[in-house]
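Can you make the complete structure from the sequences, with help from the hints?
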Amino acid sequence: MKLFSTRAAFALLISVSVAASVAVPAGADTKTKSKKSALTEDQKIIHLLNRAGFGPRPGDVERVKAIGIDKYIDQQLHPERIGDAATEARLRGFASLKMDIAQIYDKYPAPNQIARELGLRMPNAANQQANTPPDEASMAAPAQPDQAAQRENRQKIFAYYAERGLRPPQMLLQELQAQKVIRAVYSERQLQEVMTDFWFNHFNIFWGKGADRWMTTDYEMNAIRPNTLGKFEDLLLATAKSPAMLFYLDNFQSMSPNAELPRRRGMNRPAARRRNQGLIGGNLRNRQPESNGEMDRDDEQMKNQRQPQSANNPQSPNNPLNRKRGINENYAREIMELHTLGVDGGYTQKDVQEVARAFTGWSIQQPRQNGKFVFREFMHDKGEKTVLGQKIDAGGMKDGEMVIAILARHPNTAKFISTKLVRRFVSDNPPQALVARVAGVYMKTGGDIREMLRTIFTSEEFYSKEAYRAKIKSPFELAVSAVRAMGGETVGGLQISQFIAKMGQPLYLYQPPTGYPDRAEQWVNTGSLLERLNFGLALSANRVRGTTVDMKRAAPGIESAATDRVMERAIAVLLNGEVSKQTRAVLDRQIKEGVPVKGELDKAAINRGEAMDGAGMIAEGGSPARPSAARPGDRAGRGQRRAERYGFANQVRIPPAPPVDPEVAKVFGLVLGSPEFQRR
Amino acid sequence: MAVTRRFFLKSSGLALASFAAAPSFLQRVAMGQSVAGKDRPIIIAIFQRGAADGVSMVVPFGDRSYAAARPQIAVPEPRGGNADASLDLDGFFALHPQLAPFKPIYAAGHLAIVHAVGSPDNTRSHFDAQDYMESGTPGTKSTSDGWLNRYLLAKKGGKQSPFRAVAFSATMPRSLMGNAPAIAMTNIADFGVRSGQGGSQVAQSFEALYAEGATDMLYGTGKEAFEAVKMLKRANPQQYRAANGASYPRTPYGQALLQIAQLIKSDLGLEVAFTDIGGWDTHANQGASRGQLANRLREFSSGIAALYQDLGDRMRNVVILTMTEFGRTIRQNGSGGTDHGHASCLFALGGPVKGGKVYGKWPGLASDQLYDGRDLALTTDFRDVFAEVAARHMGATNLSAIFPGYKPDPANFKGLIRG
Numbered sequence: 000m001k002l003f004s005t006r007a008a009f010a011l012l013i014s015v016s017v018a019a020s021v022a023v024p025a026g027a028d029t030k031t032k033s034k035k036s037a038l039t040e041d042q043k044i045i046h047l048l049n050r051a052g053f054g055p056r057p058g059d060v061e062r063v064k065a066i067g068i069d070k071y072i073d074q075q076l077h078p079e080r081i082g083d084a085a086t087e088a089r090l091r092g093f094a095s096l097k098m099d100i101a102q103i104y105d106k107y108p109a110p111n112q113i114a115r116e117l118g119l120r121m122p123n124a125a126n127q128q129a130n131t132p133p134d135e136a137s138m139a140a141p142a143q144p145d146q147a148a149q150r151e152n153r154q155k156i157f158a159y160y161a162e163r164g165l166r167p168p169q170m171l172l173q174e175l176q177a178q179k180v181i182r183a184v185y186s187e188r189q190l191q192e193v194m195t196d197f198w199f200n201h202f203n204i205f206w207g208k209g210a211d212r213w214m215t216t217d218y219e220m221n222a223i224r225p226n227t228l229g230k231f232e233d234l235l236l237a238t239a240k241s242p243a244m245l246f247y248l249d250n251f252q253s254m255s256p257n258a259e260l261p262r263r264r265g266m267n268r269p270a271a272r273r274r275n276q277g278l279i280g281g282n283l284r285n286r287q288p289e290s291n292g293e294m295d296r297d298d299e300q301m302k303n304q305r306q307p308q309s310a311n312n313p314q315s316p317n318n319p320l321n322r323k324r325g326i327n328e329n330y331a332r333e334i335m336e337l338h339t340l341g342v343d344g345g346y347t348q349k350d351v352q353e354v355a356r357a358f359t360g361w362s363i364q365q366p367r368q369n370g371k372f373v374f375r376e377f378m379h380d381k382g383e384k385t386v387l388g389q390k391i392d393a394g395g396m397k398d399g400e401m402v403i404a405i406l407a408r409h410p411n412t413a414k415f416i417s418t419k420l421v422r423r424f425v426s427d428n429p430p431q432a433l434v435a436r437v438a439g440v441y442m443k444t445g446g447d448i449r450e451m452l453r454t455i456f457t458s459e460e461f462y463s464k465e466a467y468r469a470k471i472k473s474p475f476e477l478a479v480s481a482v483r484a485m486g487g488e489t490v491g492g493l494q495i496s497q498f499i500a501k502m503g504q505p506l507y508l509y510q511p512p513t514g515y516p517d518r519a520e521q522w523v524n525t526g527s528l529l530e531r532l533n534f535g536l537a538l539s540a541n542r543v544r545g546t547t548v549d550m551k552r553a554a555p556g557i558e559s560a561a562t563d564r565v566m567e568r569a570i571a572v573l574l575n576g577e578v579s580k581q582t583r584a585v586l587d588r589q590i591k592e593g594v595p596v597k598g599e600l601d602k603a604a605i606n607r608g609e610a611m612d613g614a615g616m617i618a619e620g621g622s623p624a625r626p627s628a629a630r631p632g633d634r635a636g637r638g639q640r641r642a643e644r645y646g647f648a649n650q651v652r653i654p655p656a657p658p659v660d661p662e663v664a665k666v667f668g669l670v671l672g673s674p675e676f677q678r679r
Numbered sequence: 000m001a002v003t004r005r006f007f008l009k010s011s012g013l014a015l016a017s018f019a020a021a022p023s024f025l026q027r028v029a030m031g032q033s034v035a036g037k038d039r040p041i042i043i044a045i046f047q048r049g050a051a052d053g054v055s056m057v058v059p060f061g062d063r064s065y066a067a068a069r070p071q072i073a074v075p076e077p078r079g080g081n082a083d084a085s086l087d088l089d090g091f092f093a094l095h096p097q098l099a100p101f102k103p104i105y106a107a108g109h110l111a112i113v114h115a116v117g118s119p120d121n122t123r124s125h126f127d128a129q130d131y132m133e134s135g136t137p138g139t140k141s142t143s144d145g146w147l148n149r150y151l152l153a154k155k156g157g158k159q160s161p162f163r164a165v166a167f168s169a170t171m172p173r174s175l176m177g178n179a180p181a182i183a184m185t186n187i188a189d190f191g192v193r194s195g196q197g198g199s200q201v202a203q204s205f206e207a208l209y210a211e212g213a214t215d216m217l218y219g220t221g222k223e224a225f226e227a228v229k230m231l232k233r234a235n236p237q238q239y240r241a242a243n244g245a246s247y248p249r250t251p252y253g254q255a256l257l258q259i260a261q262l263i264k265s266d267l268g269l270e271v272a273f274t275d276i277g278g279w280d281t282h283a284n285q286g287a288s289r290g291q292l293a294n295r296l297r298e299f300s301s302g303i304a305a306l307y308q309d310l311g312d313r314m315r316n317v318v319i320l321t322m323t324e325f326g327r328t329i330r331q332n333g334s335g336g337t338d339h340g341h342a343s344c345l346f347a348l349g350g351p352v353k354g355g356k357v358y359g360k361w362p363g364l365a366s367d368q369l370y371d372g373r374d375l376a377l378t379t380d381f382r383d384v385f386a387e388v389a390a391r392h393m394g395a396t397n398l399s400a401i402f403p404g405y406k407p408d409p410a411n412f413k414g415l416i417r418g
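Chains as they are written, first to last, in numbering that gives the first Met the number 0: chain A, 0 to 679; chain B, 0 to 418.
Because the hints were derived from the structure by calculation, they are not lab data.
For glycine and all other residues, C-beta sits at the position ideal for the given N, C-alpha and C.
Fair warning: there could be bad hints in the mix.
[Stated by the list, open to error] If you want the footprint, here are the derived chain A segments under chain B, 3+ residues with CB under 8 Å: (1) 200-211; (2) 503-517; (3) 522-533; (4) 663-673.
[As the list claims (entries may be wrong)] Cβ-Cβ distance ranges computed for the label pairs, FRET-style: (5) B:Gln200 x A:Ala88: 39 to 45 Å; (6) B:Gly219 x A:Asp233: 58 to 64 Å; (7) B:Gln159 x A:Ala158: 53 to 59 Å; (8) B:Thr250 x A:Lys155: 25 to 31 Å; (9) B:Lys406 x A:Pro516: 53 to 59 Å; (10) B:Thr250 x A:Thr347: 48 to 54 Å; (11) B:Gly244 x A:Asp343: 55 to 61 Å; (12) A:Arg80 x B:Pro403: 25 to 31 Å; (13) B:Lys232 x A:Pro516: 30 to 36 Å; (14) A:Lys580 x B:Thr250: 47 to 53 Å; (15) B:Gly394 x A:Gly118: 56 to 62 Å; (16) A:Ala158 x B:Thr250: 27 to 33 Å; (17) B:Gly363 x A:Lys97: 52 to 58 Å.
As structure tokens, then:
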């Protein structure tokens, strides 16, 4: 008789080996393990800095190593505990960032408004140039006739701005774009910047739509920023009440078809009646607002000089009487399709209608009063609603709040938001297991964004080899990560925003509410790829006005390095040495064939460097390739000149650009444009 | 029998007097011969941004309400010898005098007009309306791609040229956004790697960086990008000076059209071109035969006419299609201008166009005929025109894929494209 039966022995063997593999995970099953956590310590840190931030600056990897990944993640998840005074100081010159909407309307009036004040007759083309969003501005042709009078008008308007310290609305976009770039480059609260970018895009609005030009700043500063890492429901509610969103998706004028319009005084005065009989159409009740809510368009005001845009003004599109009666479903649809449940989230057209009913009355105060959210009872569609099978009869503003709660707590919302987060932080093909876990955390914590992110940043999937350098950087991420990697300085400035636009991502200017799609196909196409290469070259040669890089900071000692060392340094600095053999070979060839006698710097390069002064933006540089700024009538050039004219200058200066050895710059430019650097 | 000019004029009844040298295809068309051939059809879309005033462009002088609604800014009806008079088209409609370059093309039967056309949506927001027209889905805001891009997806086949769709604008216009590849540029000369001194060597290095790894999308696109740059260089579109005496306006719009012609002549496989022109939002001092709007119309029409002339015989497979997001109020306002309206008009030019006619049902301008009591009412949905061009000219078959939520019915086509 055997002591152990063969079967028992076999079973014992298996259980022992199982126990062994459980007890000693590392090295026991090297094949699967090597797929999952074969990233080195440095790689994990770089990965984290590339995903939870905008890429490492020189020295960042060491700094994180010193405190450890876990501590770093914890710090970033609590940005309020990270001091960031230096970054805030860089934003001092951007007056609009701390203003509320009413102040912004005051300090950034549209030129045609000023024309009205001055009693000037403004030809339309000039109006449009100053008034229209950047994507339209280049379409406004210079008006030919009466050019002398036009010029005189423009000068009067400019003088008005200058004397009162005012600025045109276009400056609001420039300030927004500049602060976004500056914060992403400099802030120690990197994760917060990433999440501000993420959530703005998720709850996307288009700066150029009418009144949103004056309201987008408030949207980002007050609705998005403070809520990036808290509870999703709070963020959702903040965007729902934000004037910018209410305007962008038309909810501010959505009203019950049975709304009883409040009686307004002065409606029967002869002057009012005369105005109403104006050629734009008689019966006030049937009037459409001039531009369906474009509050900045002073169509009516052109007729009524000096009439304020108050709700009492019978001509004003802000007068609720002038608004179209009826429910507008836009916001109701998008809040479900894009913000919470997702397009397949299980809502019906009836739900859209009911949600729209619930949100009637969620509107905006007059800009001249305070431009803030206001609930207008008379616009509200009373009566019971049913949304996703739930009855809503709380009444008044609470109806909309109930909808917010229902949507925020829905499991499909958990799944939709989790999928987007995992796509952003892990892969264009979000691993389903991780999505499920993150969704579980959402449901358990009531939509706690911080905890969802923590789940992601501590997951195996996050640190997998598949995820490493798997995502393509968006143009914004590319530009900012390049400046950071080079240890560069920036004042924001038009040129870097223009490059980002040319690469395919004009900031704050994506028109549909869907926001920029987060996938490689969005960014990788012929035209934009070429622009990425051009950006890398321009940046490393200090040809991006307002942004400077210092080779000596990026790669200390490089100016005296031997030729072959230059390439190694560039690869080490920018890519942690991780490039393909092919890339290495190409760079090697480039540096060998391109380098002149070592130590001699190109005279022209020296001139270029010296020509850029510390004000960055205001510099009249000798930079040879400012493709946009030079051509007359070109939008960018006009924008630059306008910026300079209106004294748009960040008060914080950056050090002047040092002279650049063009050959060294080319090598760095090549690395910045390499396939490897396009990834994060 | 030789096709002499007199014979041609007599038998077709068309007046070609204004054309110094009539392109040969016009003669073939006049003779009723097919011009479809094997040429790849091309569409050039031109968006008039800002709501262009349809009744100033194509004046309905035959409608008595027109002049009454616009005491100061009505364009005068056709009258012999008057330089400010509009140019009679068919006894009811007339062209604005600054659209004079269109007249001979209309007379030759290669320019069609659709009036009272536009979007059924009632928004008067420039932003929303342009969005709706470019996405091809009026009323739906979440469509993220454009109708022209969906056309490109719907009609694939064979190796596509990287220059199949080109927009001359700083950023990709809404109409061409989407999954099908398209290029946005403002200047052919800028397309490529710009590195100042020692440029070509750096470009070669970049090309080498992206040479391998064809399975990877990034590398694949990189390769295509450099192939495209080389393709463009080889074709050297800028060698093509404007032909046939064509003279483009010296404005970004004019230069965009010039470059579109250069790309077409370079046989790079261009199928869809797009550009836009602004300055149409004439809320004040619109002017009539002269003034703000007139000046825009001069640039607008002379650019298109130059393009038409420059392309010459190549127009046999090209359709130029204009569009605008909405029209303007019929009655003038208190500032000598007009405000946001509803329907407007559009122009279609080219060999495949059955021109010489103003298509569309005229709704009338009496007070009770106006939309909302103030605007030109709509009698043709813009999608029916776009769909006809896409189907009959470009050969697209799956029209509801191009216009989701809409089933373009050929029965509703105006018949402005030769079938």
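Here is how each hint holds up against the structure:
1. With 4 residues bearing a CB less than 8 Å from a CB of chain B, the region 200-211 of chain A meets the requirement of three and the coverage assertion stands.
2. For a cut-off of 8 Å, the count of residues in the region 503-517 of chain A with a CB near a CB of chain B stands at 8, and the three-residue condition holds.
3. Coverage of the region 522-533 of chain A by chain B holds. Counting CB-CB distances below 8 Å, 8 residues qualify, and the rule asks for three or more.
4. Judged by the Cβ-Cβ criterion of 8 Å, the region 663-673 of chain A is covered by chain B as claimed, because 5 of its residues qualify and three suffice.
5. Evaluation of the 39 to 45 Å hint for Gln200 (chain B) and Ala88 (chain A) yields a pass: the beta carbon distance comes to about 42 Å.
6. As the Cβ distance of Gly219 (chain B) to Asp233 (chain A) is approximately 43 Å, the hint placing it in 58 to 64 Å is violated.
7. Distance hint for Gln159 (chain B) and Ala158 (chain A): a CB-CB separation of about 54 Å, consistent with the stated range 53 to 59 Å.
8. Evaluation of the 25 to 31 Å hint for Thr250 (chain B) and Lys155 (chain A) yields a pass: the beta carbon distance comes to about 26 Å.
9. Checking the proposed 53 to 59 Å range against Lys406 (chain B) and Pro516 (chain A) shows it is violated: the Cβ atoms sit about 28 Å from each other.
10. Range check, Thr250 (chain B) to Thr347 (chain A): about 50 Å between beta-carbon atoms, so the 48 to 54 Å window is met.
11. Checked against the given bound of 55 to 61 Å, the beta carbons of Gly244 (chain B) and Asp343 (chain A), roughly 58 Å apart, stay inside it.
12. One distance hint, 25 to 31 Å for the beta-carbon pair Arg80 (chain A) and Pro403 (chain B), is violated here, with the actual separation near 48 Å.
13. Between Lys232 (chain B) and Pro516 (chain A) the C-beta distance comes to about 32 Å, which sits within the given range of 30 to 36 Å.
14. One distance hint, 47 to 53 Å for the beta-carbon pair Lys580 (chain A) and Thr250 (chain B), holds here, with the actual separation near 50 Å.
15. The given range of 56 to 62 Å is respected by Gly394 (chain B) and Gly118 (chain A), whose C-beta atoms sit roughly 57 Å from each other.
16. With their beta carbons about 29 Å apart, Ala158 (chain A) and Thr250 (chain B) fall inside the hinted range of 27 to 33 Å.
17. The given range of 52 to 58 Å is respected by Gly363 (chain B) and Lys97 (chain A), whose C-beta atoms sit roughly 55 Å from each other.
Hint violations for this structure: numbers 6, 9 and 12, all remaining hints satisfied.
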